[in-house]
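**Student:** Here is how the chains run, residue by residue.
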Amino acid sequence: MDALTLHRIHFAFTITYHYLFPQLTMGLALLIVVMKTVALRTTDDEKREFYDVAARFWARIFAVNFVLGVVTGIPMEFQFGTNWSEFSRRTGGVIGQPLAMEGVFSFFLESAFLGLLLFGERRISRALHWFAAFMVFVGSWISGFFIIVTDAWMQHPVAYKLLPHGIYEVTSFWGLLMNPWAWIQYAHNMSGAVITGAFVVAATGALYLLQGRFEPYGRIYVKIGVIAGVASCIAQIFPTGDMHGKYMAKHQPAAVAGMEGLFHSTPGAPIVLMGQPDVENQTIDNPLVVNKVLSFLIYGTTAAEVKGLDQFPKEDWPGALPLLFYSYHIMAGLGTYFVALMAVAAFLLYRGTLYSTRWILWPLLLSFPLPYIANTAGWMTAELGRQPWLVYGLLRTSEGYSKHVGPGTSLFTLLGFLGMYSVLSILWIVMVYTAIQKGPRAPAVDAGHDGHTLTTA
Amino acid sequence: MGTLWFWIVAAMLTIYVVLDGFDIGVGIVYLFVARTEQDKRKAMHAIGPVWDGNEVWLIAGGGTLFFAFPLLYASSFSGFYLPLTIVLWLLMIRGLSIELRAHTHDKVYISLFDTTFSLSSILLAIFFGAALANVIRGVPLGTDDYFFLPLWTNWRTGANPGILDWYTAIGGVLALLALALHGLLYLALKTAHALNERATAMAKRLWPIVLLLTLASIPATVIARPESLAHYREHGAFWLAPAAVITGLATVAVSLARGWEWRAFLGSCLYLAAMLVGAAAGLFPVVLPSVGTAGRDITIDRALAGPHTLRVGLAWWSFGITLAVIYSVTVYWLFRGKVPEHAEGYGH
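As they're listed, the protein sequences go chains A and B. FYI, the numbering for the first sequence is 34 to 490, going by the numbering used here. FYI, the numbering for the second sequence is 87 to 434, going by the numbering used here.
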C-alpha cells in the first residue's frame with residue numbers, strides 16, 4: 034500500500050475507535066445530570082438516595098469510558114503533526130485554534146469536575162456535587178463543539194485568508210466559530226450522542242427487568258432511556274438531519290450525489306432506499322427506489338433537478354463511492370429503525386405496560402450496539418463525502434500527509450494501534466460488564482474520609 | 087508577538103513537567119517505596135484526583151504549539167514520528183493502569199497494573215528527557231524544513247544523529263532521576279509514617295546523584311551544541327536560570343535535612359522549572375536547531391502563525407488559561423493535606 038493510503042487508514046482507524054467513547058460519555062453526561070437533578074430537587078430522603086445511587090452507577094461507567102476516550106483521544110491531536118504534517122503546516126493557524134481551545138476550555142474543566150464528581154461526594158455539598166455533574170456535562174459538550182468546529186472548517190472553510198508559502202490564517206475568530214456548517218453538524222452529532230447514551234441506559238434497564246434484578250433501577254433506566262431516546266431519535270432526523278442534508282447539497286453536491294448513488298443528473302430524482310452501487314457501469318444494482326423523493330427532500334419540490342456525479346470531473350469525485358453510499362444508507366436506515374423502536378416503547382411507557390412487556394424489552398436490550406454503528410456510519414459519510422479534499426476545495430488529501438514518514442513506518446504504528454486497541458476493547462468490555470453485573474448499589478463511602486474501610490468499588 | 091508566544095508555550099510545557107512530573111515520579115519510584123498494599127493505595131490516592139488534570143497541560147501546550155507555530159509542530163512531530171508514537175502508547179498504558187487498578191480487586195491484576203504503571207512511568211521520563219535533549223542538540227533538517235530521525239545511528243552527535251546518542255541518553259537518565267526525586271518529595275509531602283520515611287530516605291540518597299548529573303549536563307550541552315553558550319553571553323538575564331537550578335537543588339538538600347516537606351517539594355519544582363527555562367533560553371530565538379548542512383534553523387519568526395491568528399489566540403488563551411488555573415487550584419485545595427491512613431484505593 035502507498036504511504037497516502039496507509040496514513041488515511043491510520044487516521045480513520047484511530048478516530049473511529051476513539052469516537053466509540055465520546056459518543057457515550059457526551060450522551061451519558063446529560064442523563065447523569067437529569068438523575069442528579071431529580072435527586073437534588075426532591076425533599077424525600079429515600080427518593081433522593083435512590084436517584085443518587087442510580088446516578089453514581091452511571092458515573093462509574095462514565096469514568097471508564099471517559100478514560101478510554103482520553104487515552105485514545107491524545108493520539109488524534111498528535112497525528113495531525115506526525116502523519117499529516119503538511120496539512121498542519123498550512124492550516125495549523127486555523128484548525129490549531131479550536132483544537133487548542135478544546136484543551137484549554139474543556140479538558141481542564143472536565144478533569145477537575147470529574148475528580149469532584151467521582152471522589153468528592155462526601156467532601157462537598159449536595160448542590161456542589163450536582164454542579165460537578167453539570168460541569169462535566171458542559172465540558173464534554175464544549176469539547177465536542179471545538180472538534181466539530183475543526184471538522185467543519187475542513188468541510189466548509191470560512192473566515193480564512195491565504196498567506197505566502199500556502200499557509201492559511203484566521204481572519205475572524207467569530208467567523209470561524211459561527212461557521213453554519215459547524216452548528217448544523219454539532220446539533221446532528223450531539224443528538225446522535227444522546228441516542229447512544231439513551232440506548233445504553235435503556236438497554237441496561239431492560240437487562241435488569243428481564244433478569245429480575247435491581248428492578249427499581251431497571252424501571253427508571255428504561256424510562257429515562259426511552260424518553261431521551263424518542264426525543265433524540267426524532268431530532269436526529271428532523272430538524273438536524275434534514276438541515277444537514279440540505280446544507281450539504283448546497284455546498285458539497287458531489288458528496289450528496291455519491292451518498293445517494295446518483296450518477297446522472299435527474300429532474301424529479303428518486304431516492305434509493307436500497308441497492309448496490311456499480312461504479313464501473315455507473316448504475317445501482319437491485320435498486321429499491323421511491324420516485325421524486327430526493328428532489329423533494331433537498332429542494333422541497335418534486336420537480337427540481339438534483340446534480341449527479343456526471344456534473345463533476347472524475348478527479349473531484351469522492352474516492353470510495355460504494356463505502357460512502359453504504360455508510361449513508363446504513364446511517365439513515367438505522368435512524369429510521371430507532372424512531373420506530375423508541376416510538377413503540379414510548380407508547381407502552383405512556384400506557385404503563387412497558388416494564389412488563391418482554392417483547393419490547395428484548396429489542397431495547399439488543400439494540401444498544403446499533404447507535405454506535407449509526408454514529409460511525411454518519412461520520413464516515415461526512416468524511417468520505419469530503420474526499421478527495423482534506424480542506425474542501427482548498428487542499429487535496431494527497432497534498433497533506435507527512436512525506437518523510439514512509440509507508441513502512443506508518444504501517445508499523447498502525448499495527449501497534451491495532452494491537453493496543455484490541456487489548457483496550459477487551460478491558461473495556463470486562464469493566465463495563467462487571468459494573469453492570471454488580472449493578473447500582475448503595476452506599477458508597479468516600480475513600481477513607483473517616484477511617485472506615487467499606488468497599489467503594 | 088513571537089517572543090511572547092515562545093514563552094507562553096515554554097511556560098505551558100514547563101508547568102506540564104512540574105505537575106505531571108510528580109505523578110510520573112511517583113510511578114518511577116512506586117515499586118521501590120510502596121511495599122505494602124496499603125502503601126500502594128496511599129501512593130495512588132496521592133495522585134488519583136490530579137494526575138489527569140496534570141496531563142491536560144501537555145495536551146493544551148501541544149495545541150497551543152500547533153496553532154502558534156504550525157511549521158514547528160509539523161516538522162518536529164513528523165520528524166520524531168516513532169518516539170512520539172511510542173510516547174503515546176506509554177501514556178495510554180500508564181493512564182489505563184491507574185484507572186484499571188482502581189477498578190479491580192484481583193491480586194494478580196493489581197500486580198500487573200502496578201508493574202505496567204511503574205514501567206510506563208520510567209520509560210516516559212526517559213523519553214521526555216531524551217526528546218528535550220534532541221531538540222537542544224538539533225536535528226538534520228532538510229531544505230523543505232522537514233526531517234526524519236532514525237532511532238539510533240552511531241551514538242554520536244553531529245550531522246547525522248539518531249534519537250539516541252550519548253548526549254540524549256544523558257538527558258533521558260537525568261530526567262528519570264530528577265523526576266524520581268520530584269515524585270519522592272511529593273510522596274513525602276502527601277503521606278505519613280512508613281511511606282513518608284522511606285520516601286524521604288530515598289530522596290536523600292538520590293539527591294547527590296541528581297546534582298552530579300545536572301552539573302555534568304552543562305559541559306555536555308556546550309559540547310553537543312556550542313551555540314547555546316553564545317546565547318547566554320548575549321543575554322545576561324539568562325544566567326538567572328542556572329542560578330535558579332542551583333538554588334532549587336540546594337533548597338531540596340537543606341529542607342530534606344531539616345524535615346521541611348513543603349520547601350523540599352517546592353525546591354524541586356523550582357529546579358525542574360529552571361532547568362527547562364534554561365534550556366529554552368539556550369535555544370531562543372531558535373525553536374528547532376539544524377545540525378546538517380542542507381537546512382537552516384527553524385526560528386520563532388519562520389515558524390510563527392499569521393498575525394491575526396496570534397492576536398485572536400491571545401484573547402481567548404488569556405481568558406481560558408485563567409479559568410484553567412482556577413480549576414486546578416480548586417482541585418488541589420479540595421484534596422489538600424496528607425492522604426488518610428486507611429486510604430481505600432481511590433475507587434469509585
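Treat the hints as calculated values from the structure; they're not laboratory data. Check the hints yourself; a few may be wrong.
[What the hints assert, rightly or not] Under the rule of at most 20 angstroms between Cα atoms (straight-line distance), these lysine to aspartate or glutamate pairs were calculated in the EDC-like manner: (1) Lys256/A x Glu82/A; (2) Lys436/A x Glu82/A; (3) Lys471/A x Asp387/B; (4) Lys436/A x Asp192/B; (5) Lys80/A x Glu248/A; (6) Lys283/A x Asp349/A.
[Unchecked claim] Across the chosen pairs, the derived CB separations fall in these ranges: (7) Ala401/B x Phe380/A: 46 to 56 angstroms; (8) Ile462/A x Arg382/B: 26 to 36 angstroms; (9) Asn240/B x Lys283/A: 27 to 37 angstroms; (10) Leu243/A x Leu198/B: 31 to 41 angstroms; (11) Arg156/A x Val308/B: 27 to 37 angstroms; (12) Leu451/A x Arg397/B: 53 to 63 angstroms; (13) Ile332/B x Met109/A: 36 to 46 angstroms; (14) Trp395/A x Tyr195/B: 55 to 65 angstroms.
[Said to hold, decoys possible] According to the in silico footprint, chain A covers these stretches of chain B (three or more CB under 8 angstroms from chain A): (15) 131 to 139; (16) 330 to 339.
Cβ coordinates follow ideal geometry from the N, Cα and C atoms, glycine included.
**Student:** Taking each numbered hint in turn, which are not upheld by the structure, reported in ascending numerical order?
**Tutor:** When the structure is compared with the hints, numbers 2, 3, 4, 8, 9, 11, 12, 14, 16 turn out to be violated.
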